[in-house]
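S.K.: Line by line, the protein sequences give chains A and B. 28 is the number that numbering that gives the first Met the number 0 gives to position 29 of the first sequence; each next residue is one higher, with no gaps. 353 is the number that numbering that gives the first Met the number 0 gives to position 354 of the second sequence; each next residue is one higher, with no gaps.
Misleading hints may appear alongside valid ones.
To be verified - As a list, the in silico DSS-like pairs of lysine-lysine whose alpha-carbon atoms are at most 25 Å apart:
hint	chain 1	residue 1	chain 2	residue 2
1	A	K16	B	K415
2	B	K105	B	K276
3	B	K419	A	K126
4	B	K419	A	K16
5	B	K203	B	K178
Derived from the structure by calculation, the hints contain no laboratory data.
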Amino acid sequence: MSELQDLYQEVILDHNKSPRNYHAMKDADFSIEGFNPLCGDHYTVYVKMDNDVIADVSFDGAGCAISKSSASVMTQIIKGKTKSEMERLFSEFHRLVKGLFPRGEAAERLGKLAVFSGVSEFPARVKCASLPWHTLKAAVEMKKETVTTE
Amino acid sequence: MEGYRDLKQSDELVIPGTVDSSDIIAGCRHHFPLLHQQINGKALVYLDNAATSQKPQVVIDAMMQYYIAENSNIHRGIHYLSERATLAYEKVRQKVVKFVNAADTKEIIFVRGTTEAINLVSSSFGRKNVSAGDEILVSAMEHHSNIVPWQMLCEERGSLLRVIPMNDQGELILEEYEKLLTPKTRIVAISHVSNALGTINPVKQMTAMAHRHGIPVLIDGAQAAPHLRIDVRDIDCDFYAFSSHKMFGPTGVGVLYGKQQLLESMPPYQGGGDMIKSVTFEKTIYNDLPHKFEAGTPNIGGGIGLGAAIDYLGRIDRDAALEYEHEILTYASEQLQRIPGARVVGTAKEKAPVLSFVIEGIHPHDIGTILDHEGIAIRTGHHCAQPVMLRFGIPATARASFAFYNTKDEVDLLIKGLQKVVEVLG
Chain A
0 MSELQDLYQE
10 VILDHNKSPR
20 NYHAMKDADF
30 SIEGFNPLCG
40 DHYTVYVKMD
50 NDVIADVSFD
60 GAGCAISKSS
70 ASVMTQIIKG
80 KTKSEMERLF
90 SEFHRLVKGL
100 FPRGEAAERL
110 GKLAVFSGVS
120 EFPARVKCAS
130 LPWHTLKAAV
140 EMKKETVTTE
Chain B
0 MEGYRDLKQS
10 DELVIPGTVD
20 SSDIIAGCRH
30 HFPLLHQQIN
40 GKALVYLDNA
50 ATSQKPQVVI
60 DAMMQYYIAE
70 NSNIHRGIHY
80 LSERATLAYE
90 KVRQKVVKFV
100 NAADTKEIIF
110 VRGTTEAINL
120 VSSSFGRKNV
130 SAGDEILVSA
140 MEHHSNIVPW
150 QMLCEERGSL
160 LRVIPMNDQG
170 ELILEEYEKL
180 LTPKTRIVAI
190 SHVSNALGTI
200 NPVKQMTAMA
210 HRHGIPVLID
220 GAQAAPHLRI
230 DVRDIDCDFY
240 AFSSHKMFGP
250 TGVGVLYGKQ
260 QLLESMPPYQ
270 GGGDMIKSVT
280 FEKTIYNDLP
290 HKFEAGTPNI
300 GGGIGLGAAI
310 DYLGRIDRDA
320 ALEYEHEILT
330 YASEQLQRIP
340 GARVVGTAKE
350 KAPVLSFVIE
360 GIHPHDIGTI
370 LDHEGIAIRT
380 GHHCAQPVML
390 RFGIPATARA
400 SFAFYNTKDE
410 VDLLIKGLQK
420 VVEVLG
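Looking at chain A on its own, in the form it has when it is part of the complex:
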């Protein structure tokens, strides 16, 4: 049971039930769809840029508790960050969910994102957690095609 509790932490359950920044953004500079063809998770991430800074970010769509809460926490963390800060956070987040991050340092270096550390015990769910980030990265990079986890 403890592994399950690590995965479905209170913060994650809360963001799943009441996702933050969960709406379409009409005046977004870029929006892009991301989906996981294996399980049907499907989100659109919207960004508004101020030069190099992600001035605003939101998302909508549907998927599992892990992907939805990941998208929700991501939008909170990323607002106001620069592109390169976003890329650093994504790479650290990716290491976290793959279990490559030193356990003790997660909370200190990743703040709220550390709640996703339990994902590393569930390899099948790593793609759920990282899908919103892949999508955000593509949106910021102004990619045209849809993002998939495959």
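Place chain B on chain A using the hints.
M.R.: Chain B alone, transformed into the frame defined by chain A:
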């Protein structure tokens, strides 16, 4: 582990004709070694049979025996082992003839699985018979493997894919089907049993309807083979495809049945060894049926395993097994109502033991993870049938699919697991 070996190839498998459901379990469950293990510290509850079934020890033994004592290439060697392997492999073809009640071994083509069987027909039959403006008719509940090969053909030929709609229960609407059968229709391709919904389609009736317009019919029998008796001559279908691994045999082998006359008229699917009579750089003469469609060394060991699976099914009272599976499905469907917010997707009158469901506010993926933690294996997702999900307006379902070796106790564990899902995520 000795217990699994108590059924030898030569033994009679005794399961009474008049069945108390517990006899099925007592007779069969211990023939499947994989079922007797723990996952995450809990006894495995395997409810993902529609994805692939488990294999009885007799199938595993038959394949092991082949590789230990008989392995050799077929249809070419003059030596003892090659002849023995050829005989064993061709004997499986005869078993398949009986299994589906075909007329002749010429009508039985070994392939990698249902997907390859359908690709063979779309490629060979399709290229010969489908041109620009023609129509191909599939149903709204097809697996991607009975959609995409036809889409590819349509794209190549400039033809059109039409879709037989279904109702909210997950049953095909036959009045609409009738309207879609036109002089432009070149083939109808439908599943016998839906993998995502469990619906058993009236394939005999639907074949007769198509035949009245002179249109041939392909049936995807992947989900039917483990549950129903297949009689291709009674259905009168023109093609019937199924996979060994869903009917207690190994992966990597499957069967395409085709009416001889049709198969004769079709060009080869792939070129290579075994499908030829003679080759020069000027001209190749193709082999006779069924070898014309079997280029290259086939999955011989897998074929031997399929033969053992057919033998195994032949020693089970399959009517009783089906009745028992139906009992399990009914019990599971009833028990599911105890879960708040749970809803069955696919409520056709005629159903195979497939229980697709959703729980309000909880994504199937999360259901799958929590059940897995309890040692319960189910499938979650779109089940390679995204159009079905779209039809029901859901992104995915959770699916428990049963075999005759499953028990009511396992259904109870599933329900208990779902109660936990609701506790954690509800």
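S.K.: Now tell me if each hint is right for this structure.
M.R.: How the hints compare with the structure:
{"no.": "1", "hint": "A:K16 to B:K415", "verdict": "holds, 23 Å"}
{"no.": "2", "hint": "B:K105 to B:K276", "verdict": "holds, 16 Å"}
{"no.": "3", "hint": "B:K419 to A:K126", "verdict": "holds, 24 Å"}
{"no.": "4", "hint": "B:K419 to A:K16", "verdict": "holds, 18 Å"}
{"no.": "5", "hint": "B:K203 to B:K178", "verdict": "holds, 18 Å"}
Checked against the numbered hints given earlier, this structure breaks none of them.
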